[in-house]
Amino acid sequence: MPESTVAAARAESYFAESYFHTYSVVGLVAVVGVLFVAVAFAAGHLLRPVAPTREKMLTYECGVDPVGEGWAQTQIRYYVYAFLYVIFAVDAIYLFPWATVFAAPGFGGTTLVEMFVFIGFLAVGLLYAWKKGVLEWT
Amino acid sequence: MDSTLDVVLRLVAVLVVFLVLPLVVGQTEHKVMAHMQGRLGPMYAGGFHGWAQLVADGVKFAQKEDVVPAAADRRVFQLAPAVALLPYLLVLIAIPVGPHGFVGEAVDAGLFFVLAVMGVGVLGSLMAGWASANKFSLLGGVRTAAQLMAYEVPMLLTAASVAMAAGTVSLPGILDAFHWWWIPWQIVGGLVFFTAGLAELQRPPFDMPVADSEIIFGAYTEYTGLRFALFLLAEYAGIVVLCALTAVLFLGGWHGPMSGSLGWLWTLVKTGLLAFVVIWLRVSYPRLREDQLQKLAWTILIPLSLAQIALTGVVKVVIS
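If you read the protein sequences in the order shown, they are chains A and B. Quick note on numbering: the first sequence equals residues 1 to 138 in the working numbering. Quick note on numbering: the second sequence equals residues 1 to 320 in the working numbering.
Hints in this document: simulated from the structure, not taken from any laboratory. Do not rely on the hints blindly, as some may be mistaken.
Claimed, not checked - Below, a list of computed lysine-lysine pairs in the PhoX-like style, where the Cα atoms sit at most 20 Å apart:
1) A:K131 with B:K60
2) A:K56 with B:K64
3) B:K295 with A:K132
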């Protein structure tokens, strides 16, 4: 018993080590990227001319003076899609942990049926939205 | 000491790939588009068939004045290009190039990591669109957001289908489990993934967020010089990442004849062919309307990807 516990602890520490190693390399890539952008911006700062005028700083609106505010109010038609999206995206996340084990020994048919129930729910939801006409504008 | 050197080499390699491959794709696009449209494309810069055109463009961008509109939200406006660009650099480290651990860094939850980080890039466009305080930019930003909702779900679902087939979410693990018959088995998922990826990159026929004939250049309307160049680099880096990812997930990545020694070449060839298709589609198809994209995504792509998941599940349980 103690031996297997030791082995398990060892395996666990190995996993933890490789986990932290992996993500510290990823972090280093992020640092390299930030450095790249910083160097590019600094070099650009040294190279480019600076000659601002009032007209140049105006908001671009096809050459005429801008009308009203830039943060204009528009009709956001997409909000229904946003609801649908949140539902589907959250559901899709649950598929990944399931996907890695469902065909492993001891799972098989039952787990698959469960997935069909899951997909069935998604499909019915989509059909409902479709029937309600939220997927069409015209 | 050795492992430090190893990590440094990997970082340098990723940065070099990140800076070179997008330029190769860009130059190829100039030439391929030109020939498909019966013209020559750039011929002057560098002497031989205008090979240095993009270098010349870079020099031009670096010398241009950096204009930030007076009405804009200055900090967010200036930061947006970096947010759009860096996720693609991060993703590159996790993409396997060849067998036997030829990968920047084997991330355990690679597939998950890649999809999550790629989603961040869109924030750059949103920041640009909102911070510009320009009506065209705002419309472009809102269209970008709407597009995100259209493509993200089919992309996630088809990626989940590959994870089901392989029984792992590690990208090298997926390739180790790959067999040639996965290609016909996952073909529908592959097509959906690639189409959704085109929408993420805002490439034609899904380029309504930057539709130049309607809203100037969408979220990037107010940008000049270097910051504009970074947005362009982000687009082409995105093409490289999407094509590499499609090749790894659906076309077997480094698998092919003599993959033991030439695996990296197979990855490059498959990525290159897909990038060619991306360019080809740009030349061939007119732009969709925003609601047509939504309709395509919700009534065709998502049902197809759900069907693909069902197919994958049944086949996988039957053969195991």
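Checking against the hints above, which ones are violated?
Violated: hint 1 alone.
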